[in-house]
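Colleague: Taken in order, these protein sequences are the chains called A and B.
Per this note's numbering, numbering of the first sequence is gapless, rising by one per residue and ending at 290.
Per this note's numbering, numbering of the second sequence is gapless, rising by one per residue and ending at 277.
It is worth saying that the hints were derived from the structure and are not from the lab.
One thing to keep in mind: the hints can contain errors.
Said to hold, decoys possible - One-sided excerpt, in silico: chain A residues whose CB lies under 7 angstroms from chain B:
#, residue
1, Pro104
2, Val105
3, Glu118
4, Ser122
5, Trp130
6, Pro136
7, Trp169
Said to hold, decoys possible - Coverage of chain B stretches by chain A, computed from C-beta distances (three or more under 8 angstroms per stretch; other residues unrestricted):
#, region
8, 67-74
9, 78-84
10, 259-271
What the hints assert, rightly or not - To give a feel for the contact side, a few chain B residues facing chain A, derived at Cβ under 7 angstroms:
#, residue
11, Arg164
12, Asp167
13, Ile179
14, Pro195
Even glycine gets a Cβ: it sits at the ideal position worked out from N, Cα and C.
Letter by letter, the chains look like this.
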Amino acid sequence: MLEIAQLSKTYESPGRSVEAIRSLTFDVAAGELVCVVGPSGCGKTTLLRAVAGLLPASGGEVRLDGVPVTGPPPRMAVVFQEYGRSLFPWMTVWQNVELPLKEKKVPAPRRRELVTQSLESVGLGDAARAHPWQLSGGMQQRVAIARAVAYEPQVMLMDEPFAAVDAQTRADLEDLILRLWRDLEVTTLFVTHDIDEAVYLGQRVIVLSSSPTVVMEDLKIDLPPERDQLGTRSLPRFGELRGHVYSRIQAARG
Amino acid sequence: MKAVRLLGLPVLLVLLWWAVSGGSFYLPSPDRVAVAFAETWFSDRLTGDVLPSVGRLLAGYALAALLGGWLGVPIGLSPRLRATLEPVLEFFRAIPPPVLVPLIMLLAGIDTPMKVLVIVSGCVWPVLLNTVEGVRALDEVLADTCRMYGIRGWPRVRGFVLRGASPQIMAGLRQALSIGIILMVISEMFASSSGLGFTIVLFQRQFQIAEMWSGILLLGLLGLGLSLLFRRLERWVLSWYYGSGAARA
């Protein structure tokens, strides 16, 4: 459903050009949760912005249902890393979640329903009238997730969404993503620098090289589909997979 | 306690004024100025001079705010437009607005349109340049968020651009308010038959010294009142900004 074909990106500035991504090819099937992991500075965010249609690629293309992506597709939602900067501070939690639906011309009763449901699904049913800055970092990221969920996207992109929250919150949010992904059957591309997180969440893990970036490995995660923070992470297979990914990334860093 | 802290210094200053004013013709005592104040301004001068002055001030200020915001948004959003216009804008901003009065008199006559134009010509720059700066510095992640969720056109300008730039726009409006009061007075000192500036000059020429002082006092009070009103507006418009701690960062 989501195809990334020979995608490349070179940043051109006068007298200097930086090849961020050399060539990336992989695809994400409908309803799949794929994690992209790579060493820091390998162009993960560049990849995600290109997939989202926020950044024109230098070569190759991204196709959604066979249609080349040239701008942000209408049924795609993104959760950014910087939760503190992706919510509108002058709006309440409710208004933040509702705004994209208004622009999508969703009728008011349905809008109310969607906002209520999505806020409840991330455990923020009571915080609707608060402003984002009155909430903790983890809760702010929940609001951003609720906004993405309420948008009823076909594809959900996540750009290191939990890089800036504490470990306990992070585990909770990972399980939240797994639950939402299962309930909504939404195709999800999850970018992270955290190997454990990638192996824990993904059905597949795409391992990227360092910049200029290529795909080093497209790894199927053959863990039981039901994931659990304690159980899954203590499986021998989990350890093997994370060790494997870790060694690939170490090799990538040279 | 609060009242003492608030009123202590003004009371002290009035007492000091009283002490030094003894018998001087050019520096009448506070009680004489107070009497002159009541006689002068609680009369038909209120409707004949004060209200027209304030009306022109508000009209010029509002026009400048609209014009500054309306021009500032596209300039702030477009790097090319900004690169082309910014040196010119800085030049115009550097011209002291009072020297435009003779020119504007030639173009717009000596009546209300001239005075409003003088106020606009001075107030528009801080609003415009601050709006440009605020719009230019909008958060990129929020801009991406708007693009992703299809927020564009007028909802984007109203819900993102203007709100995001509002701390800078309000700073510009605050500067413009004090400039507006100055220009209101100056425009009335040139060629006028009514208004606060005109009246103060008239009193001075007729050696009505206490009355002249009362006019200056009135201007000070007017400025203070407008500034307090503005602060309430600012607290209301920017409540999210003060709450989020961004103002302190």
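Colleague: So, for every hint listed, does it hold in this structure?
Modeller: Each hint, compared with the structure:
{"no.": "1", "hint": "Pro104", "result": "violated, 17 angstroms"}
{"no.": "2", "hint": "Val105", "result": "violated, 12 angstroms"}
{"no.": "3", "hint": "Glu118", "result": "holds, 5 angstroms"}
{"no.": "4", "hint": "Ser122", "result": "holds, 5 angstroms"}
{"no.": "5", "hint": "Trp130", "result": "violated, 14 angstroms"}
{"no.": "6", "hint": "Pro136", "result": "holds, 4 angstroms"}
{"no.": "7", "hint": "Trp169", "result": "holds, 4 angstroms"}
{"no.": "8", "hint": "67-74", "result": "violated (count 0)"}
{"no.": "9", "hint": "78-84", "result": "violated (count 0)"}
{"no.": "10", "hint": "259-271", "result": "holds (count 3)"}
{"no.": "11", "hint": "Arg164", "result": "violated, 16 angstroms"}
{"no.": "12", "hint": "Asp167", "result": "holds, 5 angstroms"}
{"no.": "13", "hint": "Ile179", "result": "holds, 5 angstroms"}
{"no.": "14", "hint": "Pro195", "result": "violated, 10 angstroms"}
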